[in-house]
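J.: Residues per chain are reported as follows:
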Amino acid sequence: MPSEQWTHPEPGDGPAAVAAQPSPEQVIAGLRATSEGGAELTQLLTPEGERVPSPQFDKYVDDIDAEALRGLYRDMVLVRRADREANAMQRQGQLGIWVPLLGQEAAQIGSGRALRANDMAFPSYREHGVAFARGVDMKDLLGIFRCTDHSGWDYQRHGFHPYTIVIGNQVLNAAGYAMGQKFEGKVGDDDGEATICYFGDGATSQGDVHEGFVWAAVYDAPLVFFCQNNQWAISEPTERQSRLPLYQRARGYGFPGIRVDGNDVLACLAVSRWALDECRHGNGPVLIEAFTYRMDAHTTTDDPTRYRLSDELEEWKLKDPIERVRAFLARGGGADQAFFDDVQAEADAFAADLRDYTFNMPEPPPDRIFSNVYAEGNPVLDSQREEFLSYLDGFASAGEH
Amino acid sequence: MTDLQKLTIGKALNLGLRRAMEEDPKVLIMGEDVGKLGGVFRITDGLQKDFGEQRVLDTPLAESGIIGTAVGLAVRGFRPVCEIQFEGFIFPGFDQISSQLAKLHYRTQGKIKMPVVIRVPFGGGIGAVEHHSESPESLFAHIPGLKVVSISNAVDAYWGIQEAIKSDDPILFFEPKRLYHSGALRAEIDTSGTPVPAFSSQVVREGTTVTVVAYGPSVKVALDAAAAAEDEGHSLEVIDLRTLSPLDLGPVFESVRKTGRLIALSEAPSESSLTSEIAARVQQECFYSLEAPVLRVTGFDTPYPPAKLEEHYLPDLDRVLHAVDRSLSW
Ligand SMILES: Cc1ncc(C[n+]2csc(CCOP(=O)(O)OP(=O)(O)O)c2C)c(N)n1
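Residue numbers (the working numbering), protein chains in the order written: chain A, 1 to 401; chain B, 1 to 330.
Simulated from the structure, these hints should not be mistaken for laboratory data.
Backbone N, C-alpha and C define an ideal beta-carbon position, used for all residues, glycine too.
Certain hints may be false.
[Said to hold, decoys possible] What follows is a set of in silico ranges between Cβ atoms, one per label pair, in the way DEER data are often shown:
id, chain 1, residue 1, chain 2, residue 2, range
1, A, 52, B, 75, 44 to 54 Å
2, B, 142, A, 363, 49 to 59 Å
3, B, 230, A, 363, 50 to 60 Å
[As the list claims (entries may be wrong)] Derived, one-sided and incomplete: chain A residues facing chain B with beta-carbon distance under 10 Å:
id, residue
4, 118
5, 166
6, 307
Only chain A is shown next, with the shape it has when bound in the complex:
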């Protein structure tokens, strides 16, 4: 690999970092025992809402004035409110399952808002915040969780691929898509296109993710790997997947990796813009590890009390991604109480709308089972559908259905 590839400071490369190299035991312990993310964590806004200057990344959020920051705040509040509403609706039997994003709003809004219209995002299954940032109507997501549909939005229009449940699969798909952008000559300058791909810390163990790293690297694909390290893969902690901080893996594949405070929306925005910029200019791929925490259960079928301590949860509550923006805005006069009240009211209305929609969501007609299995006709299916419909008709004429 040419050394120019490393023109961006690589966390851990500097002499200070080398001198302070922790032992492997410390690294492993650090993965779990601390919620700090280590010295190499990129942060622009502390949990207390203090702005931390960053010579490298400030320029990527130059344009984020108070108004823009209020926008990010609003995004996160709406997304969290929608998440809580969906969680409640699952408890009330209106949704089959829900995958909560609580705690990951900053990682998702920060990275999602860094994307441009021509960029493409490949989500896993928890990226409701990214969906929102991509302009997907959150109602269109709910069909998946009410089990009326497998996917409900126009992926092309929104630049947001269908959700992927099989862990890691989407990483290779994203690599292929990004290769396509490159093959079509859509990278190389400020107007270049890029792809971003979301996955969890657990996913990094899958072969597909490793292969995705290899592919993207050897084809110089404009792909940002966005790993939301929320510390847990269902019941398994991060150290069950790696003995090295995950962002450091990038180096082995020959591209930069960086760890960002995943609860800091400003840092997530800046780092994502930087990484996407690298890709637009043809210097991709890049791995971002957003160091964050899953504040709720894995899904509504999970029971986190079986595997994690409430201490940990309490500690992370202090790092809430929304509260720090609120504190910063309030302290600096960027927003007053009326603004916060308005956003809250808007969020409540947003949630009520989702609730209404969900309660009245139409059931799919039975023969939808047969639709779109193939792009072209299939005589076997045609006759199965016919047989099935006449079978159902039998009930109707018998007055049973």
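Given the coordinates of chain A, assemble chain B with the ligand onto it according to the supplied hints.
T.: Leaving out everything else, chain B with the ligand in the frame of chain A:
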């Protein structure tokens, strides 16, 4: 000494695994979330606490890794029991299953044994999202070198899992996930008694009019249909296949010679499936006994639909009865 316990399928599996681990220190359990959480279905609940982290391994999140390392552990003399969280997630491990697990014994002329069990919760009816409700068993039955079984009740769960673990062949062990915790399927098991051999097909209800052959979760559907058919004056004979590869069709042939009619029931899509194989073999063996063509009641040849539609997709009692009527109308 008898030790009678009334167990669900899930609890029977848990006790069967426990007993296998007690009897042989080389038995390992490995998979995602099988430790502290006890697996997403709690089948391995409490085992890590009692046997430790080196015998109940919470593995990294990678199915090719789980199965591939199980192959290596087996070469080293261990007897790994892998849990795949949901059938839809077995495919990252498909390569290891078909290329290594199934073939090493053959490739080494018997020098390497593969005493590996892969437990796979399968089938629909739990209202889940994509990839959580499928029936891919035919894909595995098509691979020479693998033994494929499916349990339908707690007795077979308890003894079957132990028998699978004792076997020197690699076994895909399909478990009907929607029945794991079914109170109705609780069975009294003498957990200290004589092992009940699990892997041959078995008549689970005798009848004279039509034979219904099923496996896994469909056995309950077949039995329910048989109970309903009785009210309509039809006597269904129900056979639980239990072993899907190699198929034990002897009892099926015998039954068809008696009833002259066969319905093969399964949740899986029908094209190129186990039910295809059953139909082919039965017409070959029982041609002169058949009074009607072998009928199949299966899932459709589509991906598993969104769960709101699964009641239409999954063969239910009515579809079986409809097939009974069709068979009898010949
Ligand atoms: C191939 C595969 N194996 C297992 C599962 C079951 N499963 C769903 S989510 C999950 C944990 C994923 O953890 P991580 O990658 O860290 O993402 P997170 O859910 O924490 O965002 C598992 C094991 C799956 N969906 N796909």
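J.: With reference to the structure, classify each hint as holding or not holding.
T.: Cross-check of the supplied hints:
1. The given range of 44 to 54 Å is respected by residue 52(A) and residue 75(B), whose C-beta atoms sit roughly 53 Å from each other.
2. Judged by the Cβ atoms, the range 49 to 59 Å given for residue 142(B) and residue 363(A) is violated: they are separated by roughly 36 Å.
3. For residue 230(B) and residue 363(A), the Cβ-Cβ distance of about 33 Å falls outside the hinted range of 50 to 60 Å, so the restraint is violated.
4. Because the closest C-beta pair between residue 118(A) and chain B is about 28 Å apart, greater than 10 Å, the hint is violated.
5. Look at residue 166(A): its Cβ gets to within about 6 Å of chain B, closer than 10 Å, so that hint holds up.
6. Proximity of residue 307(A) to chain B holds as hinted, the smallest CB-CB distance being about 4 Å (cut-off 10 Å).
Violated hints, in rising order: 2, 3 and 4; the structure is consistent with all others.
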